[in-house]
Amino acid sequence: MPKQHVYLKGNEAVAYGALEAGLNAYFAYPITPSSEIPETLAKEFGNKEYPEYKFFLQAASELEAINMVLGAASGGARAMTATSSPGFSLKQEALSYAAGMELPFLIVDICRAGPGLGNLGPEQSDYFQSTKGGGHGNYHLIVLAPASVQEMALFPRIGFDLAFKYRNPALILGDSFIGQLKEDVEFPEFEPQRYDVSSWATTGAKNRPPHVLNSLELDYQKHYKHVGKIFEKYKQVEANEVLYEAYHTEDAETVIVAFGIAARIAKGVVNNLRKKGIKVGLLRPITLWPFPKKPLRKLASEGKRFLVVELNTGQMLQDVKLATGDSVTVDFLGRWGGVVPTESEMESKLRRLEMVAV
Amino acid sequence: MSQTTLKVKVGKLLSLTDNPTHYCAGCEHGTLTRLIASAMDELGIREKTVMIDSVGCSVLAYNYFNCDHIVAAHGRAPAVATGLKRVRPDLMVFTVQGDGDAASIGLLELIYAAQRGTPITVFLVNNSIYGMTGGQMAPTTLAGQVTTTTPYGRDPVLTGTELDASKMLSGIEGAAYVKRASLVVTELESQRGKLYTIKNILDAKKSVENAFKVQALGGFTFVEFLSTCSINWKMSILESKRYVQEHTMKKFPLGLYRDTFGVEKK
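Protein chains in written order, with the working numbering: chain A, 1 to 358; chain B, 1001 to 1266.
A hint or two may mislead.
Claimed, not checked - To give an idea of the chain B side of the interface with chain A (calculated C-beta under 8 Å), a few residues:
| hint | residue |
| --- | --- |
| 1 | N1066 |
| 2 | R1076 |
| 3 | T1082 |
| 4 | A1216 |
For the record, the hints were derived by calculation from the structure and aren't laboratory data. Backbone N, C-alpha and C fix where the C-beta goes; we use that ideal spot for every residue, glycine too.
If we strip away everything but chain A, and leave its shape as in the complex, we get (with noise of 0.2 Å):
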């Protein structure tokens, strides 16, 4: 495949972008809007352009697939699936699991609308579900919101390091907008780095004593530590791994808060209202977990309001109100059901505000 200039949908981006960052084994299970990612990697097993690439298999449902990745992964394996709301909801049983085990490997959730069966369109409404914790017990999901095919085609790569960096499993959170959008993209140079899984991995206990891969502990106090280590581990990806984008936001008087898709039309946005002489600007979480919370706490501490927009009834909302506290101005503009929110409505909401705190 060229690496430059490569016009490919979202969920193909992913897929291709998984690849480059040395995938081991995909397991699937089949739900729109996410099937071009299964899709793709069936296409592509076998293509001796990706030699680590060793194996693809069908499963019989969302459990049974999770559970494969779960197995390949405690083999020290890069292990991947992907899916749609209604199946991540099923993963996290898995996923609670994994994250007891300290299992490193990537899921990529293209996000519809819900609850339930919902519809196939766009929404954000997977953000409490990936953030914090969907599953059972305490832990984290380290989350990446891709704004763009290009950062679908890229983020494999953070998130498989990051995964194997602090053995947990890692999210890509897109959505059906993102999936089925089609952009030029490129696939930089890239050589994932290796990490040495020797210590943990159940390959066979051969002259060393056994490996136990087990999120079962019945002595409380030993697993009062246990789970106390996996979130001193999280501090140091709270402390070290934070990514986010701020545009234009020194200056501003406003800042609008969007991940995803919802940044992408926030940037617009910004762009038209900034040749009118509006000082908007755009503060754009790229890991929603773990949150920028120091640069949204600065932001409020220089007195500017908020505007958070998200395609759901406001659940990032949460986190930044927790982030910038009681005494700024937090509004929020939410479209859920499929619904996408235009630039004018973003706009003439940024109005309101703007006539509201004079």
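Once you've looked at the hints, dock chain B against the given chain A.
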């Protein structure tokens, strides 16, 4: 049966740790643990074997088997085993599941691992009940059998009849070795009074070895072991053994259901 055919190794096994098991008195889980470890030693596969511990009474198996372990979620062991085996085909991968784990919540995972001919081994301990959770109805609970969720006996009109996993898998082409064995001693009447034979247990031992051998040949292997759960059946140990003989075996007859490679003949 003469002494010379008794092949179960006595003494310390490399494939076992020194930890005492948590299994209840009279439970056959301990017997199966010994049989599997013995087969692992004899076949020399301990260093390349990974056990997938399933949810149920076998969940603490990582304390007993001296090999690598992955502890799976309830019912998901065959899927986890599939993922590992496919990226590490040189490994021997097996799981010990209960009837609730394999035949109820994890039936899909079991059937599809078999349907694909996944070269793994599933040992199913069928004791007709959810043991670890305290004795609730399992898919294998016999009609009329009393459990904590069928306090007046299992009613087949409402809950259906006993689910036969071996028979179900017997129709699946991908399954290379499917067998139902028993871990329960059998009581015999004789002129000298009651005698007890472990013939079935020795056959169970052979089934464990055959399952590993067929996995090494690339086949999906499944052995169901009839067992007791005297604590949850609210019987004495001996009564529970008799119950298997008199009732369980009638519904779940022992036998070889599939043997694609013909290992039983060899």
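- Agreement of hint T1082(B) with chain A interface, Cβ distance less than 8 Å: holds (5 Å)
- Query: Should the interface hint for A1216(B) be scored as holding, given a Cβ-Cβ cut-off of 8 Å against chain A?
  - Reply: Violated - the Cβ of A1216(B) stays beyond 8 Å from chain A, reaching only about 14 Å at its closest.
- Query: Holds or violated: is there a CB of chain A closer than 8 Å to the CB of N1066(B)?
  - Reply: holds (6 Å)
- Given hint R1076(B) near chain A, where the shortest CB pair must fall under 8 Å: holds (4 Å)
Checked against the numbered hints above, the structure breaks only hint 4 and satisfies the rest.
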